[in-house]
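A.B. asks: Chain residues, written in single-letter form:
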Amino acid sequence: MTGGITRPVLAAIAIAAVAVAISTIGTRTSGETVPSARTAGGHPNFNGVWQALNEANWNLQAHEARAGAVTQPGVYPYEYARVPAAPVLALGAAGGVPASLGVVKGDGQIPYTPEAATKRQDNADHWIDRDPELKCYVPGTPRAMYLPYPFQIVQSTNKLHVDFAFANAARTIHLDSVDEPPANTAMGFSRGRWDGDTLVVDTTGLQGSWLDRAGNFYTETAHVVERFTPVTGDAMQYEVTIEDPAVFTRPWTMSMPLYRRLEANAQLLDYPCVEFVEEFLYGDARKQQLVKHWEGDSIVIDITRRMRVRPVGER
Amino acid sequence: MARRSIALLGAAALVAAAIVAGAAGPLRAGGAPLKTAWGDPDLQGIWSQKYQIPLQRPPRDAGKASLTPDEVRQRETQRADQAANAPKRGDRIAPRGTLEDLTGAYDTTFEADPIDTSRPIGPRTSLIVDPPDGRIPTLTPAVQKRMRDMREFMLALMQSVDACKRSQDIACFGVTPGPVSPRRNEAPPHYLAAQIMGDRVINRADGPEDFGLGERCLAGNLPSFGVQQIVQSPGAVSILYEGWQRMIPITSAPHIPSQIRQWHGDARGHWEGNTLVVDVSNFTAKTDYQGARENLHLIERFTRVDGDNLEYVVTMDDSTTWERPWTVNVEMARQDAKANAIYDEPRCHDGNIALKDMLIGARMDDKAYAEGRGPDPATMCYLLCGTGNPEYARQRQEGRGGGAGPAAERGAGGRANGNHR
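Same order as they appear, the protein sequences are chains A and B.
First residue of the first sequence? That's 1 in my numbering, and the numbers climb one at a time after it.
First residue of the second sequence? That's 316 in my numbering, and the numbers climb one at a time after it.
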């Protein structure tokens with residue numbers, strides 16, 4: 001350090017330099033702007049549009065690829081020879097599930113209590129009926145962060161807003177001290193702090209929700225700790241430890257990278273699914289039903305599709 | 316009907332949250348720093364309307380843009396008297412078990428008190444500052460026609476309602492009793508986009524689209540004068556309103572392609588001195604603000620006046636809707652940051668069992684009629700029938716029309732749409 005007079009001057013210059021870096025920002029070869037690696041306050045800069053690029057939302061745990069998001073027994077009676085079931089059959093290869101090595105750390109297991117393990121399997125067996133994602137419900141923390149939709153972080157000095165394309169959901173991370181809200185919410189009450197270059201976010205006050213399409217879940221007693229650590233300017237490691245004595249025998253951790261959307265014109269566009277799911281949720285109570293076959297409030301799906309197999313290149 | 320009452324619970328919770336969140340924070344000695352760490356003007360905090368000021372200038376204040384301190388005091392006293400005499404939350408307005416009781420029970424128990432006293436009477440007589448008469452400019456002939464068409468459709472579906480043959484129910488205003496209209500089997504001439512929280516627009520419940528945007532959990536659109544939490548970064552400003560959010564990129568890039576339409580439009584922000592200027596376009600035809608739909612174009616200006624005050628000025632610019640642009644100026648007060656009193660989660664939909672229940676109820680009515688056990692649904696009232704007491708209805712209407720805040724905002728939107736009452 002160079003003394004009492006120059007130190008603040010240097011600091012001012014440094015801040016000014018950062019400010020200039022932020023406002024003028026550099027360019028990549030393709031001409032788009034590059035965000036500064038640090039904020040004016042000297043912390044890692046998480047501002048921007050981000051998205052998970054993995055299969056965590058299908059199943060946090062390691063899983064094989066399968067023919068359909070919903071399958072049924074095939075003509076052969078083997079479990080590994082199941083075929084797509086009616087709800088996704090017409091989607092062909094777009095209706096299947098990609099494989100993953102899983103994002104659960106350690107032995108890859110989620111330490112459910114025996115009762116909770118039963119419920120998790122039951123959830124999986126009734127995925128279409130029960131997954132809140134399909135109903136466009138607020139996805140909850142942490143699932144919102146690895147849904148296959150972009151989200152945007154607006155990082156200020158005292159707070160961060162995280163705005164999600166899915167369902168217009170949002171969460172606030174308080175770096176300052178605020179009173180705890182009087183009721184639980186899907187996204188919970190999040191308090192953040194810096195641990196070196198890692199943003200550590202402590203969330204309680206959750207309602208409990210699903211963690212993926214495989215039926216993994218937690219309850220309103222969950223305590224979720226997220227750690228956001230920069231890997232490069234355009235990638236961060238996102239690590240989540242969940243403690244919930246109601247369903248888990250011990251805390252467990254998932255970890256995955258999240259990636260910055262690098263398009264020059266990247267911006268958050270709405271996925272307004274509240275409107276999109278009206279048929280799914282209310283279709284049986286229409287006066288004139290659009291789906292031909294309802295039995296009570298269950299959709300009975302008759303699939304009509306036109307399959308033409310032609311040699312490649314033939315019109 | 317009882318189903319209506321259930322329907323509005325979610326809406327009432329939001330309104331209640333707005334009221335709780337309404338109190339302004341204390342003045343901070345010396346004020347807050349007005350620049351962010353990176354040098355932009357600092358607009359951050361939770362902000363809510365400072366005064367109760369009607370959107371449009373009431374006829375009694377014609378020619379007078381502001382009130383003297385004496386007039387403000389006088390109106391405060393007047394309002395306090397009215398509030399003291401108005402039905403209170405939870406008051407029963409009709410004999411127990413009657414139709415009026417069933418519908419009215421919701422209104423007084425869950426909705427805001429008819430006379431809103433949650434914030435002081437403002438020194439201005441309208442939020443509208445331009446045109447100088449404080450009134451929304453004349454609607455274009457095309458939009459007037461759209462509203463007439465919608466109103467005719469609404470009336471056609473009401474003409475066979477029994478309640479309109481025997482009472483002065485506010486839902487029956489303008490209805491000429493008649494036979495069941497063949498239009499009951501038609502789609503409405505335009506999308507039912509009126510933003511009245513919880514209020515049905517047409518007397519039919521054939522599917523979710525027959526309901527109001529509030530009942531479908533699709534309300535909450537721009538411009539909003541409600542409680543808001545602003546958080547900034549060098550390249551973006553995020554605003555959480557009550558139950559919805561919007562992202563404002565700070566950029567000189569052009570708007571997204573015109574074929575992409577969004578509920579909250581497409582925002583482009585830039586700084587002009589200490590003011591955040593936001594240009595919003597690309598709205599959908601499914602929203603409606605005072606008659607404007609997909610062609611709505613907003614120019615918003617957010618200016619931090621001092622530590623505890625924010626000025627929000629928004630110009631509605633849509634020559635397909637109004638004969639000239641018009642501008643609203645809303646004075647916002649900063650709330651206590653530590654109390655953090657804002658409901659910022661879009662959870663209306665998650666708890667919306669009411670919409671399903673109302674649809675199921677309507678199907679039960681259909682079935683009962685088909686089996687000769689009940690009245691023709693075309694004679695039943697699925698709107699706000701049965702408030703019975705005309706005095707209560709009048710006060711309720713005045714309370715909404717004269718107030719400022721979410722309920723008044725939506726009420727005003729509804730009337731301008733011509734779809735309701």
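It is worth saying that the hints were derived from the structure and are not from the lab.
Some hints here could point you the wrong way.
As the list claims (entries may be wrong) - One side of the interface only, derived from the structure: several residues of chain B facing chain A at Cβ under 7 Å:
1) Gly493
2) Ala551
3) Glu646
As the list claims (entries may be wrong) - List time: in silico DSBU-like cross-link candidates among lysine-lysine, alpha-carbon distance up to 30 Å:
4) Lys105/A <-> Lys119/A
5) Lys365/B <-> Lys653/B
6) Lys653/B <-> Lys350/B
7) Lys287/A <-> Lys135/A
8) Lys292/A <-> Lys601/B
9) Lys350/B <-> Lys480/B
10) Lys682/B <-> Lys653/B
11) Lys601/B <-> Lys653/B
12) Lys119/A <-> Lys287/A
13) Lys671/B <-> Lys292/A
14) Lys601/B <-> Lys287/A
15) Lys460/B <-> Lys601/B
16) Lys682/B <-> Lys671/B
17) Lys119/A <-> Lys653/B
18) Lys287/A <-> Lys682/B
19) Lys379/B <-> Lys365/B
20) Lys135/A <-> Lys682/B
21) Lys119/A <-> Lys135/A
22) Lys287/A <-> Lys480/B
23) Lys365/B <-> Lys135/A
24) Lys350/B <-> Lys365/B
25) Lys379/B <-> Lys292/A
26) Lys671/B <-> Lys135/A
27) Lys287/A <-> Lys671/B
What the hints assert, rightly or not - Residues of chain B placed beyond 10 Å of chain A at every Cβ, according to the derived structure:
28) Asp448
29) Ala478
30) Gly489
31) Gly522
32) Pro564
33) Ser573
34) His612
35) Leu613
36) Ala648
37) Ala652
Here a beta-carbon is modelled for each residue, glycine too, at the ideal position from N, C-alpha and C.
A.B. asks: None of the hints should be skipped; say for each whether it holds.
C.D. replies: Checked hints:
Against a cut-off of 7 Å between C-beta atoms, the interface hint on Gly493/B is violated, since the closest Cβ of chain A lies about 22 Å away. Taking 7 Å as the C-beta cut-off, the interface hint given for Ala551/B holds, the closest approach to chain A being about 5 Å. Annotation: Glu646/B was flagged as interfacial toward chain A, and the flag is violated, the nearest CB pair being 24 Å apart, outside 7 Å. Distance hint between Lys105/A and Lys119/A is fulfilled; the C-alpha atoms sit about 22 Å from each other, no more than 30 Å.
Distance check on the hinted pair: Lys365/B and Lys653/B sit about 19 Å apart at the alpha-carbon level, within 30 Å; holds. Distance restraint check for Lys653/B and Lys350/B: the Cα-Cα separation of roughly 20 Å lies within the 30 Å cut-off, and the hinted pair is therefore satisfied. For the given pair, Lys287/A sits about 21 Å from Lys135/A by alpha-carbon distance, which is consistent with the 30 Å threshold. Taking the CA atoms of Lys292/A and Lys601/B, the gap is near 27 Å; set against the 30 Å cutoff, the hint holds.
Taking the CA atoms of Lys350/B and Lys480/B, the gap is about 62 Å. The hint is violated against a cut of 30 Å. Annotation: proposed proximity of Lys682/B to Lys653/B is violated, straight-line Cα distance about 54 Å (limit 30 Å). Between Lys601/B and Lys653/B, the direct Cα distance comes to roughly 37 Å. Violation of the 30 Å bound is thereby established for this hinted pair. With a C-alpha separation of about 36 Å, the suggested pair Lys119/A and Lys287/A falls outside the 30 Å cut-off, and the hint is violated.
The straight-line distance between the Cα atoms of Lys671/B and Lys292/A is roughly 19 Å, inside the 30 Å bound, and the hint therefore holds. Proposed proximity of Lys601/B and Lys287/A is supported: the alpha carbons are some 22 Å apart, at most 30 Å. Taken as a hint, the Lys460/B and Lys601/B pair is honoured in the structure, with Cα atoms around 18 Å apart against an allowance of 30 Å. This hinted pair checks out: Lys682/B and Lys671/B have alpha carbons roughly 16 Å apart, not beyond 30 Å.
Only pairs whose Cα atoms come within 30 Å are accepted, and Lys119/A paired with Lys653/B is rejected, the gap being roughly 39 Å. Taking the CA atoms of Lys287/A and Lys682/B, the gap is about 10 Å. The hint holds against a cut of 30 Å. Taking the CA atoms of Lys379/B and Lys365/B, the gap is about 20 Å. The hint holds against a cut of 30 Å. Restraint check for Lys135/A and Lys682/B: satisfied, since their Cα atoms lie roughly 28 Å apart, inside the 30 Å limit.
Between Lys119/A and Lys135/A the alpha-carbon distance is near 20 Å, which keeps this suggested pair within the 30 Å criterion. Restraint check: the Cα-Cα separation between Lys287/A and Lys480/B comes to about 26 Å, which is no more than 30 Å; the hinted pair holds. For the hint pairing Lys365/B with Lys135/A, the CA-to-CA distance comes to about 38 Å; that exceeds 30 Å, so the pair is violated. Taking the CA atoms of Lys350/B and Lys365/B, the gap is about 22 Å. The hint holds against a cut of 30 Å.
With a CA separation close to 61 Å, the supplied pair Lys379/B and Lys292/A exceeds the 30 Å bound. Between the alpha carbons of Lys671/B and Lys135/A the distance comes to roughly 13 Å, so the proposed pair stays at or under 30 Å and holds. Our distance criterion of 30 Å between C-alpha atoms is met by Lys287/A and Lys671/B, whose separation comes to about 12 Å. The Cβ of Asp448/B sits about 36 Å from the closest Cβ of chain A, beyond the 10 Å cut-off, so the non-interface label holds.
In this structure Ala478/B is separated from chain A by more than 10 Å, as the shortest Cβ-Cβ distance comes to about 21 Å. Here Gly489/B stays apart from chain A, with its beta-carbon at least about 26 Å from theirs, past the 10 Å limit. Not every C-beta of chain A lies more than 10 Å from that of Gly522/B, the closest at about 4 Å, which undercuts listing it as non-interface. Not every CB of chain A lies more than 10 Å from the CB of Pro564/B, the least distance being 6 Å, so the non-interface label is violated.
With a cut of 10 Å on Cβ distances, Ser573/B stays outside the contact zone with chain A, its closest approach being about 14 Å. No Cβ of chain A approaches the Cβ of His612/B within 10 Å, the least distance being about 18 Å, so the stated non-interface status holds. The non-interface label for Leu613/B is consistent with chain A: the shortest C-beta to C-beta separation is roughly 17 Å, beyond 10 Å. Once the 10 Å rule is applied to beta carbons, Ala648/B is consistent with being away from chain A; the minimum gap is 18 Å.
The beta carbon of Ala652/B sits about 7 Å from the closest Cβ of chain A, which is not more than 10 Å, so the claim that it is off the interface is violated.
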